[in-house]
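Please model the complete structure; the sequences and the hints are all you need to start from.
Top to bottom, those sequences are chains A and B. Under our numbering, the first residue of the first sequence is numbered 826, with each subsequent residue one higher. Under our numbering, the first residue of the second sequence is numbered 826, with each subsequent residue one higher.
Be careful, since some hints might not be right.
Footprint (simulated), chain A over chain B, 3 or more residues, beta carbon under 8 Å [unchecked claim]: (1) 836-850; (2) 938-945; (3) 1044-1055; (4) 1064-1075; (5) 1089-1096.
Some chain B residues well away from chain A (every beta-carbon gap over 10 Å; in silico) [unchecked claim]: (6) 862; (7) 874; (8) 951; (9) 992; (10) 1012.
Pair by pair, the computed Cβ-Cβ distance ranges are [said to hold, decoys possible]: (11) A:1118 x B:870: 43 to 51 Å; (12) A:877 x B:1116: 45 to 53 Å; (13) B:1142 x A:828: 49 to 57 Å.
Think of the hints as simulated: they come from the structure by calculation, not from any bench. Even glycine gets a Cβ: it sits at the ideal position worked out from N, Cα and C.
Residues per chain are reported as follows:
Number of protein chains: 2
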Amino acid sequence: MNALPKSVAPPLRLLLGPGPSPVDPRVLDALSRPTLGHLDPAFLAIMDEIRDMLRAVLGTENELTFPMSGTGSAGMETCLVNTLEPGDRVLVGVNGVFGARMAEVARRAGARVSTAEVEWGRPVTADVLREAARGESFKALCVVHAETSTGALTDVAALRPVADELGALLVVDCVTSLGGLPVELDAWGVDAAYSGTQKCLSCPPGLSPVSLSARAQAGLAARKHPVQSWYLDLSLVGSYWGGERAYHHTAPINMLYGLHEALRIALEEGLATRYARHASVARSLAARLEAMGLELLVAPEHRLAPLTSVRVPAGVDEARVRRFLLERHAIEIGGGLGPLKGAIWRIGLMGSGATEANAERVSTALSEALAEQGRSVGSPD
Amino acid sequence: MNALPKSVAPPLRLLLGPGPSPVDPRVLDALSRPTLGHLDPAFLAIMDEIRDMLRAVLGTENELTFPMSGTGSAGMETCLVNTLEPGDRVLVGVNGVFGARMAEVARRAGARVSTAEVEWGRPVTADVLREAARGESFKALCVVHAETSTGALTDVAALRPVADELGALLVVDCVTSLGGLPVELDAWGVDAAYSGTQKCLSCPPGLSPVSLSARAQAGLAARKHPVQSWYLDLSLVGSYWGGERAYHHTAPINMLYGLHEALRIALEEGLATRYARHASVARSLAARLEAMGLELLVAPEHRLAPLTSVRVPAGVDEARVRRFLLERHAIEIGGGLGPLKGAIWRIGLMGSGATEANAERVSTALSEALAEQGRSVGSPD
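So, in structure tokens, the structure goes:
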């Protein structure tokens, strides 16, 4: 190769997109502590603490609760390949990219997939699922709690009765909700859930917390076919995280230090306080954006606190706006995905990024970016 | 939950087991730099640098060369699920845990697997593969370059003619060799290879470099069935690492900073110098251990420089020896796996851990540990 590149010197960005979110310096510091062996007794103790803290933020007593060694999409695949066997019927509520991804992952696991399609930006409801189910039985009902591609919140607790009618396990994507919105797996009757670390936990990406109910775990033990993924096989991974400590793969030690610290920060603040902070800051952001004459994609009652989707006004070059924010203000926000590409911006106020000051900074910067394109907008203040 | 745990305070260990290896402070420091978004232009530039440096250590010009967002076992699964389709025939050389794991992962991918079984501690040879193949055709021939469970080195270049006879892609595990032993994918004619970061690259675990030849990449484009794993689908992951930069999953940003720095360190030293250092230190360790009257598992001509396997003398409590090293000397070494459990110790002098001082420290400590069990041994000096 040519000359060796210089050591990485990442510019400081204010991460206000759909994730990763701003990482607390305490978490960055934890990442750089001395690496331990994955079977060192000192590390096994850290693993147990991570599991306890994860149970607290997930609202569960589930024994099988730990972070998978991959990002949120690995957690999605984990939940699906472990609960489904070839030929199983699955019903997926699709109201954005991540619902569609669940359907695709389930198909690749050999399941027969039905989808309940919902307009993007709207929540998945019991009615639409019942209609799509046509009175038939399913092995699993899959929904996204907080759809990161649109900013819409689905009421998961309201879907447990539907899952019961279908005879289905309830599988839930909590990637963008965990740590920023109440997640109550046990109270809601969720059977399998996964999340990511780089949203409202404000930890760098790289791990995916998963949790399985006792019922889902029993199903795992009674499988007829091996889980198609060896890397994501929860029976094997669970033997490492659980009592036996059997070697499966080498855990990402330093990333786990980071998650440990991120969970400590969330629990120190207190979950109720943390959720209230996300909600309050999101209301402030919405008010500022609407005062500028901008329109939000999601109706107020279904908006995600951690992520706000804003419609791009007609005639505005949306990519140029994002470039302006990044280059002039060092602020990252997200664009739309799939059918919403070019149509929305996604602004995340997540984890340590969910502050009133950031709501103000991003709306002021957005106002300037629009003015730079000759769009006169109302004041965000 | 009960009281919040304290922030992690990992004890300092000298990691001389089968991995993770000692991490250079420069790598730990890189981990804690500010997190960027996974589509930030500044991050995309870092990704390109990582790819270039990976190609250099892998000895390849392969376009499809990048780290997967999981540990080495995820890389193994990546190479197998992307090259194999259901019903494909695979021949796996099995001379340890990781060959056996390749066979299991290939089975779970729906392949029809034949194995060429070799005594653990011995290399996989062209002869044993030819015998197991019985003149039939195979889609892939899989071997482990450096078998971490035994410390045996297989001559990969010598197996390309066999792969040609079988009409097979050559798939190679380079987990414990990369950065510590010459790896020359192009010169050897390897079609798919994977590695880990926590061995001779001295980076924490969490990423798995993979590389596919043009031929394997063409096979990927011509598949009849989708890759069973969405997370590990190289067509999709390649669109993110390649020209299109299409969002697939959120890359583990900070871990990638660490890998970037680890690769810089390896290339700064120079690969030839680095391999010579590993070889020289391994010879010194072997001489010390044999001077103590200990017997090594692998014959001298097949020994891995990065990892030395030592037979546990009859009557010695091997777990107590490892505990003694950890508690009295803060040195981690590994035990045996599978049929070698209880029968060997595995001592890794990998990456920044491959020093003459460490060879001396671990052999002296081992000598003390044996004396503590009343075993008089020769002096390691």
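Now the hints, each set against the structure:
| no. | hint | result |
| --- | --- | --- |
| 1 | 836-850 | holds (count 9) |
| 2 | 938-945 | violated (count 0) |
| 3 | 1044-1055 | holds (count 5) |
| 4 | 1064-1075 | holds (count 4) |
| 5 | 1089-1096 | holds (count 3) |
| 6 | 862 | violated (5 Å) |
| 7 | 874 | violated (4 Å) |
| 8 | 951 | holds (28 Å) |
| 9 | 992 | holds (26 Å) |
| 10 | 1012 | holds (16 Å) |
| 11 | A:1118 x B:870: 43 to 51 Å | violated (37 Å) |
| 12 | A:877 x B:1116: 45 to 53 Å | holds (48 Å) |
| 13 | B:1142 x A:828: 49 to 57 Å | holds (53 Å) |
In this structure, the hints that do not hold are numbers 2, 6, 7 and 11, in rising order.
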